[in-house]
Amino acid sequence: MKKVIMGNHAVSYGVRASEAKVISAYPITPQTHVVELLSEMCANGEIDAKFIKVESEHSAMAACVGAAAAGSRTFTATSSQGLLLMHEMLHWAVGARLPIVLANINRAVGPPWSIWTDQNDSLSQRDVGWLQIYCESNQETQDTIPQAFKVAEELQMPVMIVMDAFFLSHTFEIVDILEAQEVRKFLPPYHPDIKIDINDPHSFGNLASPEHYMELRYMIQEAMEKAVGLIKKVDGEFQKQFGRGYGLIHPYRCADAEIILVTSGTVASTARAVIDEMRDEGVKIGALKVRVFRPFPFEEIFEVLSRAKKVAVIDRNISFGGHGIFFQEIKSALYGRTDVPILGYIAGLGGRDITPGVIRQIAEQAITDKNPHRYINWIGVKT
Amino acid sequence: MKPAKMPLEELMSSGHLACQGCGATQAMRFALKVLGPKTVLAIPACCWSVIDGSFPNSCIDLPIYHTAFETAAVVASGLKAGLEMRGDTESTVMAWAGDGGTFDIGLQALSGAAERNEDIIYVCYDNEAYMNTGIQRSSSTPVGAWTTTTPVTNFKKRPKKNMVEIMAAHSIPYIATASTAYPEDFMRKMQIAKETRGTKYIQILAPCPTGWKAPPELSVSLARRAVTSKIYPILEITRNGQKLKVWKDFKPTPVRDYLLAQGRFRHLKDAEIKTIEREVEDNWQRLLAKEKMLESIPGFGE
Numbered sequence: 007m008k009k010v011i012m013g014n015h016a017v018s019y020g021v022r023a024s025e026a027k028v029i030s031a032y033p034i035t036p037q038t039h040v041v042e043l044l045s046e047m048c049a050n051g052e053i054d055a056k057f058i059k060v061e062s063e064h065s066a067m068a069a070c071v072g073a074a075a076a077g078s079r080t081f082t083a084t085s086s087q088g089l090l091l092m093h094e095m096l097h098w099a100v101g102a103r104l105p106i107v108l109a110n111i112n113r114a115v116g117p118p119w120s121i122w123t124d125q126n127d128s129l130s131q132r133d134v135g136w137l138q139i140y141c142e143s144n145q146e147t148q149d150t151i152p153q154a155f156k157v158a159e160e161l162q163m164p165v166m167i168v169m170d171a172f173f174l175s176h177t178f179e180i181v182d183i184l185e186a187q188e189v190r191k192f193l194p195p196y197h198p199d200i201k202i203d204i205n206d207p208h209s210f211g212n213l214a215s216p217e218h219y220m221e222l223r224y225m226i227q228e229a230m231e232k233a234v235g236l237i238k239k240v241d242g243e244f245q246k247q248f249g250r251g252y253g254l255i256h257p258y259r260c261a262d263a264e265i266i267l268v269t270s271g272t273v274a275s276t277a278r279a280v281i282d283e284m285r286d287e288g289v290k291i292g293a294l295k296v297r298v299f300r301p302f303p304f305e306e307i308f309e310v311l312s313r314a315k316k317v318a319v320i321d322r323n324i325s326f327g328g329h330g331i332f333f334q335e336i337k338s339a340l341y342g343r344t345d346v347p348i349l350g351y352i353a354g355l356g357g358r359d360i361t362p363g364v365i366r367q368i369a370e371q372a373i374t375d376k377n378p379h380r381y382i383n384w385i386g387v388k389t
Numbered sequence: 308m309k310p311a312k313m314p315l316e317e318l319m320s321s322g323h324l325a326c327q328g329c330g331a332t333q334a335m336r337f338a339l340k341v342l343g344p345k346t347v348l349a350i351p352a353c354c355w356s357v358i359d360g361s362f363p364n365s366c367i368d369l370p371i372y373h374t375a376f377e378t379a380a381v382v383a384s385g386l387k388a389g390l391e392m393r394g395d396t397e398s399t400v401m402a403w404a405g406d407g408g409t410f411d412i413g414l415q416a417l418s419g420a421a422e423r424n425e426d427i428i429y430v431c432y433d434n435e436a437y438m439n440t441g442i443q444r445s446s447s448t449p450v451g452a453w454t455t456t457t458p459v460t461n462f463k464k465r466p467k468k469n470m471v472e473i474m475a476a477h478s479i480p481y482i483a484t485a486s487t488a489y490p491e492d493f494m495r496k497m498q499i500a501k502e503t504r505g506t507k508y509i510q511i512l513a514p515c516p517t518g519w520k521a522p523p524e525l526s527v528s529l530a531r532r533a534v535t536s537k538i539y540p541i542l543e544i545t546r547n548g549q550k551l552k553v554w555k556d557f558k559p560t561p562v563r564d565y566l567l568a569q570g571r572f573r574h575l576k577d578a579e580i581k582t583i584e585r586e587v588e589d590n591w592q593r594l595l596a597k598e599k600m601l602e603s604i605p606g607f608g609e
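From first to last, the protein sequence lines stand for chains A and B. If you read the first sequence in my numbering, its first letter stands for residue 7, the second for the next number, and so on. If you read the second sequence in my numbering, its first letter stands for residue 308, the second for the next number, and so on.
Everything labelled a hint here was simulated from the structure, so no lab data went into it. All of these numbers come straight from a predicted model, not from anything done at the bench. The beta carbon of each residue, even a glycine, is placed where N, CA and C say it ideally should be. There are no misleading hints in this set.
Straight-line alpha carbon distances no greater than 27 Å define the calculated DSSO-like cross-link-like pairs of lysine-lysine that follow: (1) B/Lys-552 <-> B/Lys-501; (2) B/Lys-520 <-> B/Lys-467; (3) B/Lys-581 <-> B/Lys-468; (4) B/Lys-599 <-> B/Lys-468; (5) A/Lys-315 <-> A/Lys-337; (6) A/Lys-59 <-> B/Lys-501; (7) B/Lys-340 <-> A/Lys-201; (8) B/Lys-340 <-> B/Lys-501; (9) B/Lys-345 <-> A/Lys-201; (10) A/Lys-201 <-> B/Lys-501.
Residues from chain A shown here face chain B by an in silico Cβ test under 7 Å; the list is partial: (11) Ser-65; (12) Ala-68; (13) Asn-212.
Covered by chain A, per the in silico footprint, the following chain B stretches (three or more residues, Cβ under 8 Å): (14) 341–349; (15) 367–377; (16) 392–398; (17) 415–421.
Chain A on its own, in the form it takes in the complex (with noise of 0.2 Å):
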């Protein structure tokens, strides 16, 4: 059945679809509707779930931890200053392998307070082992939820989707929605093997000595690696059945681009636009969406970029004293093996609006700027 609904309610359907069994969260601008529907949904027995309504993000976090433990699905949703208050247990989340799914809504992080997006809150948790996916339309949001608890239960790691705050989040599309008994031959019930059980007691998280945590971290790692293949292998089954795919990542009309301008989020779908009208004047341009941001799909974005000419990456976000977050990604999945030049360009933070106007002087800027170390630059700030 299609709805038109609003971003955050297309997280809400995704997560009634997966027979998510616990849900805990805290309200947090721009997030609060995917959880208010979710407890409605709880409330009213669509969804048979136990919802903790907890006293902050950091124990909405950690709500999920013992529940995952226990070996029960569970969701959690935030955003922002609630991400970051959550991040100890974030880590929590990956040392102890617990498939948790968190929707994270980007908003720009305070001061000045910001109820805006922009990848700051996100990103800067590229460090703690989540995987994260960031989508650009209603319709992926609500696939990915499914994806990303099928991807999590089988590598036995939390998976993150990111969506931008307001430009999706509050923003109503088509969305054909899924239904829970159809999901169920894509995602079944969460069985795990390893969880709390009275009937076989073992202690979880005590003490490791040097002697065994580095083996745990390498172990992480290459769950990372493997993810790679399981996203593109779960994406491909969720296509197969549902008719709707979107890969680790997304380019379009790059095959024969000269320059390719490299973007995330909602910025995806202005790029296109802008692209289609600059194809139509004769300039060779593309746009390459990177949806999957950890594991980061190098191999797949070195083949898509080394054909290019030039690389101008668009950041809403920044690493102060160093890049753009995803140019520096960008930069170090082409290193040494291509020199395409990489130029980055800075822009949306706060929410400022990317327009298809702004998308077109960042690749204008790009095309006639003689300068291939031009790592930084920043669109529209007024100076």
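Keeping the supplied structure of chain A fixed, place chain B upon it in accordance with the hints.
Just chain B now, kept in the frame of chain A:
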């Protein structure tokens, strides 16, 4: 003295990593004798993160979930929810935390769990300082005490936080204090906690000879004298915080003797000890007055 009656069943084995005379270890052994094999533990950062043993060993024959410092109550809530959704509605989930993880860093999560009335037992083994990190003051450290962050030249000037009153303000079905010197009393309270639905908070005084600067063989004696000197009242709060019962059936012993038996108080001057004695008596009288006051409310006394 007659021997304590307790179940022979042992869910804790020898080979644990506690110091000699550790009250926290005695408390765990007594608690598990009552709770039995259908029990799951959540343990935050505290002495018990170490006492349990290092991977792959554990001295407890039960599922244990070690978790971050401030999350005992909420991880226990999550475990309970996760087990129930998996069809295990029977297991008791117990959060087992020290005073730092309860009075300080874990207070918010504990308050949240209590307000939701999560069906968990929360035990705080109270050794009155951050002992695992090497004896730093917590908000449970009593007035007058030396710790490594309250040196004798600037010993702790503020009273111990009244955690029991805070928990009583949450309208939860069962609250009790206990002492390792009275294992039968503690085990009776654990039995009540096991049979009561909702959030149960039990705070047991668990001497730390290492941190209290006292010989290990005085562990039980100090746990007893803390009670008989009225410093650590043994009580139960039932009916969602409305009924208070204070244990008074003991021969009082001097506060001074309790303090001077421990190195952590030995720097105190006579006048300082007298001030503490007065405060202890004031607190005791206030507690008895409260017990009486609650009894006098129509319908709550019986």
